[in-house]
Structure formats: structure tokens, C-alpha cells
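Using the sequences and the hints given, assemble the complete structure.
Residues in the sequence shown are numbered from 1 upward in steps of one, following full-length UniProt numbering.
It should be emphasised that the hints constitute simulated quantities derived from the structure, not laboratory data.
Do not rely on the hints blindly, as some may be mistaken.
[What the hints assert, rightly or not] Straight-line C-alpha distance at most 27 Å; calculated DSSO-like pairs for lysine-lysine:
1) Lys178 with Lys288
2) Lys359 with Lys28
3) Lys239 with Lys178
4) Lys310 with Lys358
5) Lys163 with Lys310
6) Lys169 with Lys322
7) Lys350 with Lys163
8) Lys277 with Lys329
9) Lys350 with Lys326
10) Lys169 with Lys100
11) Lys29 with Lys92
12) Lys298 with Lys359
13) Lys239 with Lys184
On a predicted model such as this, the values are computed, not experimentally measured, just so you know.
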Amino acid sequence: MITSNSILFTIICVFAFQAIILSVLILKKQPKILANKFLALLIFFYAIMAINIVLVNVLKDFNLMHIFRYVQLEMLYGMGPALYFYTLSITKPSFKFTKKNSIHFFPLLIEFIFYRTALYRNGADGLYVDPIPNITYVYLTQQWIGIISILVYSIISIRLLFKYELQLKQYFSKIEDKAYHWLKIPIIIFGFYPILWNILTEVDRFLFDRNLREYYFLPNFVILAITCTWIGFKGYLNKVNPELLIPEISNIEKEDSSPSKDLEFLDKLNQVMILEKPYLNSDINLNKLAELLEMKPKTVSLKINQNCGKNFYDLINSYRVKEFQKLVKTSNLEKLSLLGLAFEAGFNSKSTFNSAFKKNTELTPSQYLKKVKNAS
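Structure follows, in C-alpha cells:
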């Protein structure tokens with residue numbers, strides 16, 4: 001056990017209960033969609049994990065530790081599935097949760113039952129006995145399996161997000177409001193927090209005889225509670241578009257399956273880009289470009305991937321970079337606003353502009369500007 005700290009206990013409870021309130025607000029948020037249910041569940045699971053640690057220490061101070069073994073709130077086996085189904089719901093708005101999917105939460109039911117058995121109570125109590133009894137290893141095994149399941153679900157969720165981003169790039173030139181970049185941070189935090197936490201506690205137990213617990217134990221749960229609240233706010237403010245369906249063209253591969261380039265398509269594409277300059281429209285998408293080319297969207301996407309070696313997103317941004325370079329050379333460099341010119345070239349995000357410019361020129365915009373000034 002650790003020394004109780006009323007200040008840290010208060011901070012943990014304030015943020016954890018705030019996270020629970022946010023989970024309820026997310027659950028009631030309109031329109032009611034499946035993704036919000038899983039996000040609310042995810043935040044709730046992690047919030048009660050933080051509250052759990054306060055509860056166990058308060059009961060310990062009042063010599064009521066035996067009561068805690070009956071009210072254990074930790075739900076490791078629900079965190080991974082909740083995260084996975086939330087990610088799946090926002091990346092595939094057509095997804096429907098079925099009875100078959102509920103099997104992912106079956107281990108959570110087993111965990112809940114396990115915490116109400118003497119096997120758990122005796123095993124958990126054995127953590128504070130030296131040497132540790134064999135029954136305690138049953139409890140530790142159950143903990144580590146739960147932690148590994150969270151890690152596995154987190155890796156799958158990250159893969160879903162990256163795949164979804166690639167799909168968006170086949171169809172949209174602006175993905176900042178659709179790609180859920182903010183979700184990558186909580187997935188990493190939620191996925192790796194439990195495993196790093198247990199590694200830390202095991203190192204402390206075997207190498208330092210738990211003498212370091214006072215320095216990392218409660219501060220870690222403070223960070224967890226604050227993180228839960230932050231994710232709750234982000235999730236509540238974030239808009240999930242249930243009507244955003246990525247067309248079938250999203251599964252097209254980039255590899256060049258034909259031995260030669262379609263020069264006719266490349267010439268037609270170049271002519272449209274030069275004459276119409278559709279890339280100046282920050283909301284240009286594949287459908288609009290297909291209309292200008294008088295072709296089907298799926299065909300255009302296929303030909304872009306095969307003949308340009310890029311997806312739609314990268315192709316449009318490459319033309320925007322070229323337009324920016326033209327504007328730099330024809331503008332007053334003394335009164336130059338790089339971001340202003342970037343927006344004029346069709347970009348609508350500073351981060352996207354910087355990333356695309358570096359990808360196409362291997363220079364940052366500032367480095368390119370300096371190069372142009374030195375050459376003039």
C-alpha cells in the first residue's frame with residue numbers, strides 16, 4: 001500500500017467524476033449514434049479505474065480493506081473492446097453492432113464475476129505477502145491477460161485509423177475535419193498506459209522492494225484522471241458525421257498494374273489542372289474532378305493511382321505546392337505571408353501545407369523562401 005494523500009485523492013476524484021459526467025453527456029448527445037455509446041463506455045471504464053485506487057486506499061485507512069475486495073471497480077477487459085468499437089464506428093459509419101459482436105465483451109463478464117470470488121480476494125491479498133503465494137499468480141495472470149488485450153485492441157484501432165485516413169485520401173483533398181487525428185493520442189495513451197504501468201510496478205516490486213511507489217503511484221492516476229477528462233471534452237465537442245460514407249473506390253491499390261502509362265489520361269488531367277485549376281478550391285473532391293474529366297470517379301481514382309503513383313489527396317496537394325511556388329516568385333517577398341499564399345494556392349491548413357510542401361520539395365516553406373530570396 002501507499003501513504004494516503006488527500007490532495008492527490010481530491011484531484012483524482014474531481015477529474016474522474018468530471019469524466020464520468022462527460023461520459024453521460026456524450027451518451028445523451030444528439031444525434032444519438034453508436035460511436036458515442038462506445039466512447040462514453042470507454043471514458044467511464046478508465047474514470048472508475050482512477051476512482052478505484054482512491055477507494056482502496058481510503059478503505060485501507062479505515063481498516064476496511066476486506067470490503068474493497070467485494071466492490072472492485074476495475075474493468076480491464078472492457079477497455080479494449082470499447083476503444084475498438086468506438087474507432088470502428090467512426091471510421092465505418094455504416095457499422096452495426098450485432099449479437100455476434102457482443103462476444104468481445106464476454107471476458108468483461110468473466111472478469112466481473114472473478115472479482116466477486118474468493119480466488120480473487122485471496123490472490124489479491126497475497127500481493128502484500130512475502131513470499132507471494134501461488135494463488136496470487138492466478139490474479140497476476142488475469143491482470144496481464146487483460147492488459148495485453150487492451151494493447152492488442154489498441155493496435156487494431158490505430159490500424160483502423162490509418163486505413164481510414166488512406167481511404168479519405170483517395171476521395172478528399174481536405175481531410176483535417178474527417179480523419180480524427182486527435183483520437184490517435186488517446187489510443188496510444190489508453191493502449192500503452194496499463195502495460196507501462198504494470199511494467200513499472202513489477203520493476204519496483206522485484207528491484208526496489210516497492211520503495212518507489214510513493215513517487216509514481218498516485219501521480220500516475222492523477223495523469224490518468226486528467227487524460228480521461230480531456231478525452232471526454234474532445235469526444236463531446238467532436239462531431240461524428242454518420243452520413244460520411246467512403247465510396248467503393250477507397251480500396252483501390254496504388255501499385256501500377258499496367259506496364260505503360262495512360263498518356264491520354266495524363267494529358268487530359270494536366271489540361272484540366274492548368275485550365276480549370278480545381279485544386280484552388282479547398283473542398284475539391286474526387287467526384288468534382290471526375291465531372292471535369294467527364295469520367296467515373298472510380299475510374300479516375302484508379303488511373304491516378306496507376307499513372308501518377310499518388311492518391312487523389314497527394315496529387316491535388318502537389319499542384320497546390322506548384323501554385324504556391326509560382327505565387328512566391330511573382331509576389332513582393334518583403335511583404336510576403338507564407339500562410340496567406342498557401343491559402344491562396346488552395347490549402348486550408350498550415351500543418352497540411354507544411355507537410356505537403358516538405359514531401360514535394362524536401363524543403364520547408366521557410367527554407368524555400370530563403371532559397372528564392374538568395375537567388376533573386
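Tested hints:
1. Lys178 with Lys288: Distance of about 18 Å is within 27 Å: holds.
2. Lys359 with Lys28: Distance of about 42 Å is beyond 27 Å: violated.
3. Lys239 with Lys178: holds, 9 Å
4. Lys310 with Lys358: At roughly 16 Å apart (the allowed maximum being 27 Å), lysine 358 and lysine 310 satisfy the hint.
5. Lys163 with Lys310: holds, 16 Å
6. Lys169 with Lys322: holds, 19 Å
7. Lys350 with Lys163: Given that 27 Å is the threshold and the Cα spacing comes to 23 Å, the pair holds.
8. Lys277 with Lys329: Given pair lysine 277, lysine 329 holds - Cα atoms ~18 Å apart, limit 27 Å.
9. Lys350 with Lys326: holds, 18 Å
10. Lys169 with Lys100: Violated: lysine 169 and lysine 100 sit about 32 Å apart, past 27 Å.
11. Lys29 with Lys92: Distance ~19 Å between lysine 29 and lysine 92 Cα, so the pair holds.
12. Lys298 with Lys359: holds, 26 Å
13. Lys239 with Lys184: holds, 16 Å
The structure is inconsistent with the numbered hints 2, 10, although it conforms to all the rest.
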